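Protein sequence lines correspond, in order, to chains S and C. One point on numbering: in the numbering used here, the residue at position 189 of the first sequence is 194, and numbering is uninterrupted. One point on numbering: in the numbering used here, the residue at position 43 of the second sequence is 48, and numbering is uninterrupted.
Certain hints may be false.
Treat identical chains as interchangeable: a pair holds within one or across any two.
[What the hints assert, rightly or not] Pairs of lysine to aspartate or glutamate residues, derived as EDC-like cross-links and limited to a Cα-Cα distance of at most 20 Å, are as follows: (1) Lys-101 / Glu-334; (2) Lys-101 / Asp-333; (3) Lys-119 / Glu-334; (4) Lys-246 / Asp-24; (5) Lys-94 / Asp-333.
No wet-lab data here; the hints were simulated from the structure. It should be emphasised that the depicted structure is a prediction, and the values quoted were computed from it without experimental measurement.
There are 2 protein chains.
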Amino acid sequence: MFSSLAEIKQAAVEKIIPDKAAFDAATLRQTLLTKPLGSLGKLEEIAIWLASWQQNGCPKLDNVDTIIFAGNHGVAKHGVSLFPAEVTKQMVTNFKNGGAAINQLCALNGTNLKVIELDLDKPTQDFSIAPAMSEAELIEAINIGASAVSDDADLITLGEMGISNTSSASAIAMALFGGEARHWTGKGTGLDVHSIEKKAEIIRKAVGFHEDFRHDPLEILRRLGGRELAAIFGAVLAARKKHIPVLLDGFICCAAVAPLYMLNQSALSVAMAGHLSMEIGHISLLELIDKPPLLQMDMRLGEGSGAVVALSIVRAAVATHNGMATFDEANVSNIESNKNTEKVNTNRAL
Amino acid sequence: MFSSLAEIKQAAVEKIIPDKAAFDAATLRQTLLTKPLGSLGKLEEIAIWLASWQQNGCPKLDNVDTIIFAGNHGVAKHGVSLFPAEVTKQMVTNFKNGGAAINQLCALNGTNLKVIELDLDKPTQDFSIAPAMSEAELIEAINIGASAVSDDADLITLGEMGISNTSSASAIAMALFGGEARHWTGKGTGLDVHSIEKKAEIIRKAVGFHEDFRHDPLEILRRLGGRELAAIFGAVLAARKKHIPVLLDGFICCAAVAPLYMLNQSALSVAMAGHLSMEIGHISLLELIDKPPLLQMDMRLGEGSGAVVALSIVRAAVATHNGMATFDEANVSNIESNKNTEKVNTNRAL
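Using the sequences and the hints, build the whole thing.
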């Protein structure tokens, strides 16, 4: 449990690296499997990434947690979303009753869904005229996020629910990376062009109000974030400490960890971006935090839905990596250059 | 069973359309589910496409067949692949023993793998100096492909195995769509630049040899194809007749159905392209046959592997479409404009 912002910053900058021996073992294994070298493309990269972080040449996905954090936002009073704020709570009930998209996707992809409500009856302050959270509130939300990460998870996927939280994400992105408000302001749940302009005006005003703090990523998270975004930040902090790989969801989820990237550009190597969302700012944000997305499904739902769809790709990576026969095992003729690669890699792994 | 090329052509041009009532029912259902309208992006399109072809507003994926056709090629004698021709047979044995990538992907994604060998001990003729197949051989291969499609399949995914068959695919694409041989000639299993040039020279020579038949798509399939490509062509013919949706794999699989597209530009509406392969000609080919790919995983393995990875996306589409609660069922507040859409669509469906 973190008790101060200084401790959180220290955790963010701590050097935590994936395991070299597991990386080498997984890389070698990929050269031995019955397929042309490199022919599984990103599946090979994903398997090696998982192996390195799990510190296991044959990574597992037996215990995958999907964690959704839900929060409410003071800025909702400005009508920055098509849906009223009470929908956050209603959707949490829908998650609990199994009726939402994320429930179907978790069941399909074999994950344990955890839904964590953060003071839904107490929205954050309206960030266009005040900091969204106090220091104590920020620390509490980060701790809740960190505590949600079980020691025994093989991988976690993250997501959020919070009416108006694309506004929070847009404001964070603009504050950290600059650019025009309009560049970062999208249609969220489906705003028309006029309403997007109004939303951009709120974001422009908010970033102006907090102008003096733009150099301090954690302060930006406190001032422009929401509880569910802070919890996502905390969950990634905990996951890297525990060497648990992470799949990120869309724009809001990525904005939540952008302050972590600004504190430590290697902190997000424990995570992959599940998909490119249709929300307008996501493509720039992914480029700025250096996370190419696995999928592009034109989704913009949130709830962690894109991350769980992407999990099916990660499962394909692990299934092929662990389950395929080697050339020797299957008596399939390999080509000379592959055989040489084996030798090189074997030497490197020793 | 087809007994002549004329019958095959007739089947190719037959007008077969998806079901309008199922399309309307699925489209309406998407507007009622607890999510912002359109927020599941391609998953919504996929669910509606499946519904239309299965003639069922709530489509099923209980019985999915993955069919791999294997063939050998006379052109292999020119060294157009890194691997020797006997690897085709060895990999078929690997499929049967469960050691290949496709076995792991089928197990993961719940499909029945059928591996169909087409005269592996009798390679096609070297297409650079003769037609690859006789008319009787082409018809037989198309019939084998068509017979492989079970009446009770909810969806099929297609794939192939055949050392040197990227050469066949490149030659078909060049013959049908024009352009330079080098544009269509890729590294296959991993050729270096020098070997790709040699391979392109063979393809250029072959297309020149069969120049007079480039206006006749079925003749191009006979002259430049292989048995496994003809079988894929036959499988899609049968699938559309039976209203069974199809997931196509990479460059070779798409080249096999390109002659069908040339015979009838709506014939491929029963199919989706699973992924964009790294094989150089695939991106142009997909554009020319009007099939945007679902995934881009930098794969180039064949075996139907990209199609089965894409199946996980199709499963996500069906799981959300069939399993989610509606706004009414979940007591979630909907926005007015969604409610209006419901009304419009209800009227249209009646």
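Going down the list of hints, with the structure as the test:
| no. | hint | verdict |
| --- | --- | --- |
| 1 | Lys-101 / Glu-334 | between (47 Å within a copy, 14 Å between copies) |
| 2 | Lys-101 / Asp-333 | between (49 Å within a copy, 16 Å between copies) |
| 3 | Lys-119 / Glu-334 | neither (41 Å within a copy, 22 Å between copies) |
| 4 | Lys-246 / Asp-24 | within (13 Å within a copy, 53 Å between copies) |
| 5 | Lys-94 / Asp-333 | between (56 Å within a copy, 15 Å between copies) |
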